[in-house]
Amino acid sequence: MSLATAELGWDGSQPMRDAQALATLARECVTSGVERRALYLRLSLLPAHLREPRHLRLVREALAPVLRPTRARLYELPGGDLVVLSPPPGEHLDEVRRSLARLLPEIAADRLLPTLRLPAEAARLLTLVEGALGVDGLPTPLPDRAPRLPPPSGAEMDAALRAMATANLASYLRRQTVWRLASGDEQAQPVWTELRPHMADIAAALLPGRSLAGAPGYARRFRHAAERRMLADLARPQEARNLGEACLLLGLGSITEVEFLRLEAVLGAQGRSHLLVCVGVDELLADPAGFTLARGLSQRRGWRLGLDEMEPVLLPLLPARRLDLPMLRLRFRSALLSGDGAARAAWDAALPEDRARVILLGADTPAAIAWAWQHGITHFTGKVLEVRP
Numbered sequence: 001m002s003l004a005t006a007e008l009g010w011d012g013s014q015p016m017r018d019a020q021a022l023a024t025l026a027r028e029c030v031t032s033g034v035e036r037r038a039l040y041l042r043l044s045l046l047p048a049h050l051r052e053p054r055h056l057r058l059v060r061e062a063l064a065p066v067l068r069p070t071r072a073r074l075y076e077l078p079g080g081d082l083v084v085l086s087p088p089p090g091e092h093l094d095e096v097r098r099s100l101a102r103l104l105p106e107i108a109a110d111r112l113l114p115t116l117r118l119p120a121e122a123a124r125l126l127t128l129v130e131g132a133l134g135v136d137g138l139p140t141p142l143p144d145r146a147p148r149l150p151p152p153s154g155a156e157m158d159a160a161l162r163a164m165a166t167a168n169l170a171s172y173l174r175r176q177t178v179w180r181l182a183s184g185d186e187q188a189q190p191v192w193t194e195l196r197p198h199m200a201d202i203a204a205a206l207l208p209g210r211s212l213a214g215a216p217g218y219a220r221r222f223r224h225a226a227e228r229r230m231l232a233d234l235a236r237p238q239e240a241r242n243l244g245e246a247c248l249l250l251g252l253g254s255i256t257e258v259e260f261l262r263l264e265a266v267l268g269a270q271g272r273s274h275l276l277v278c279v280g281v282d283e284l285l286a287d288p289a290g291f292t293l294a295r296g297l298s299q300r301r302g303w304r305l306g307l308d309e310m311e312p313v314l315l316p317l318l319p320a321r322r323l324d325l326p327m328l329r330l331r332f333r334s335a336l337l338s339g340d341g342a343a344r345a346a347w348d349a350a351l352p353e354d355r356a357r358v359i360l361l362g363a364d365t366p367a368a369i370a371w372a373w374q375h376g377i378t379h380f381t382g383k384v385l386e387v388r389p
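Using this note's numbering, the letters of the sequence shown correspond one by one to residues 1 to 389.
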């Protein structure tokens, strides 16, 4: 039985409204810097025999000393969790936490009754709220049971590459906006447009009934050819004039091809100053000398070079401050929220001092945005920004 159905006189529709209000307040704390203290009661973790109405009434009675004489506010979440939010210093929350720990000794207090400080721990609070809303509990897609397609033959591959050389890939380009959203901004602002060939769709069109998944050599050749074709299309004068602030996601080999050189020439000095070219971290690891060459070319020709798909686990090994790149695209992972103090310190030290040079990829939840704001990051790609009005 959840708190929504317990005999406590609470509106059954209230938990969703409370969850949304709490998430909004946590983000506002990050934006404004206003401090709050939170006591999170993870009652959904309790076994069913401890969530009967009589137990919930005891919890309510234990919270009463906090709610009556103070400015604390109670939020009820879907699934039965409760959050008490209070202005600092919040000693009364510690007293209630000790009382509840004695009342519910079956689960360790650190897990059952975490206390949080806002705005410093807003990301953790948002993660807990999203869990209560079921955001992190979506069903796992079933594995693809379709028969595995065979790789192409050499003749099929050659034919596909010949077709690629004259194909119009306009409908196969994937575009995604890089947004800027700083604390206090009412609306996200578009900064760059990412451009890359959508390899799965191109392969389906030019290699029907075949798969490149088991042929990495062929996959690299196919991707390289698709990037060259995309660059050739972008180098047309009208396309180049409309390119604007663009972020091209390319392999190292494409940067020295004639199609890219032609695009550079058509853009001119002013156009190149608006161009960001991002290369995957896997390419840096596979070809450090090639990456150094690309960095030199970017500096001489006036476009910017970025490192794409940086994983948190790699960040301390390839610190951005040592690489000294204009842009780093960091993939958001849940480990960024749950890492210990040493891990958080290592990540912080490895990020560029100028956080305007960081783009957080995969900002699909408010928790990702909150974590970024806490670390001075204001550029994002992800679902949270894409659905904003």
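Rather than coming from a laboratory, the hints here were simulated on the basis of the structure. Wrong hints could be hidden among the right ones.
Stated by the list, open to error - Simulated restraints on C-beta separations: (1) Pro105 to Ala345: 33 to 41 Å; (2) Ser334 to Glu245: 48 to 56 Å; (3) Glu239 to Thr177: 14 to 22 Å; (4) Leu45 to Arg322: 25 to 33 Å; (5) Gly154 to Ser334: 39 to 47 Å; (6) Ala120 to Ser334: 15 to 23 Å; (7) Gln238 to Ala342: 29 to 37 Å; (8) Leu58 to Gln374: 33 to 41 Å; (9) Leu67 to Ala343: 34 to 42 Å; (10) Leu58 to Asp354: 51 to 59 Å; (11) Ala109 to Glu245: 23 to 31 Å; (12) Thr193 to Arg54: 56 to 64 Å.
Claimed, not checked - As a list, the in silico EDC-like pairs of lysine to aspartate or glutamate whose alpha-carbon atoms are at most 20 Å apart: (13) Lys383 to Asp287; (14) Lys383 to Asp364; (15) Lys383 to Glu130.
Yeah, the Cβ is synthetic: ideal placement off N, Cα and C, and Gly gets one too.
Do the hints match the structure? See the list:
For proline 105 paired with alanine 345, a C-beta distance near 34 Å keeps the hint of 33 to 41 Å intact. Separated by about 30 Å at the C-beta atoms, serine 334 and glutamate 245 break the suggested range of 48 to 56 Å. For the hinted restraint 14 to 22 Å between glutamate 239 and threonine 177, the CB-CB distance of approximately 18 Å keeps it satisfied. Range check, leucine 45 to arginine 322: Cβ separation about 43 Å, and the 25 to 33 Å hint is violated.
Distance hint for glycine 154 and serine 334: a CB-CB separation of about 43 Å, consistent with the stated range 39 to 47 Å. The beta-carbon spacing between alanine 120 and serine 334, approximately 18 Å, falls within the hinted interval of 15 to 23 Å. For glutamine 238 paired with alanine 342, a C-beta distance near 53 Å fails the hint of 29 to 37 Å. Checked against the hint of 33 to 41 Å, the C-beta distance between leucine 58 and glutamine 374 comes to roughly 36 Å, which is consistent with it.
The hinted window of 34 to 42 Å between leucine 67 and alanine 343 holds, with their beta carbons roughly 37 Å apart. In this structure the hint that leucine 58 and aspartate 354 lie 51 to 59 Å apart at CB holds, the actual value being about 52 Å. Between alanine 109 and glutamate 245 the beta carbons are some 50 Å apart, a value that contradicts the proposed interval 23 to 31 Å. Under the hint 56 to 64 Å, the C-beta atoms of threonine 193 and arginine 54, about 59 Å apart, fit the expected range.
Simply put, lysine 383 and aspartate 287 have alpha-carbon atoms about 32 Å apart, too far for the 20 Å limit, and the pair is violated. For the suggested pair lysine 383 and aspartate 364, the alpha carbons sit about 5 Å apart, so the restraint of at most 20 Å is met. A hinted pair counts as satisfied when its Cα atoms are at most 20 Å apart, and lysine 383 with glutamate 130 qualifies at roughly 15 Å.
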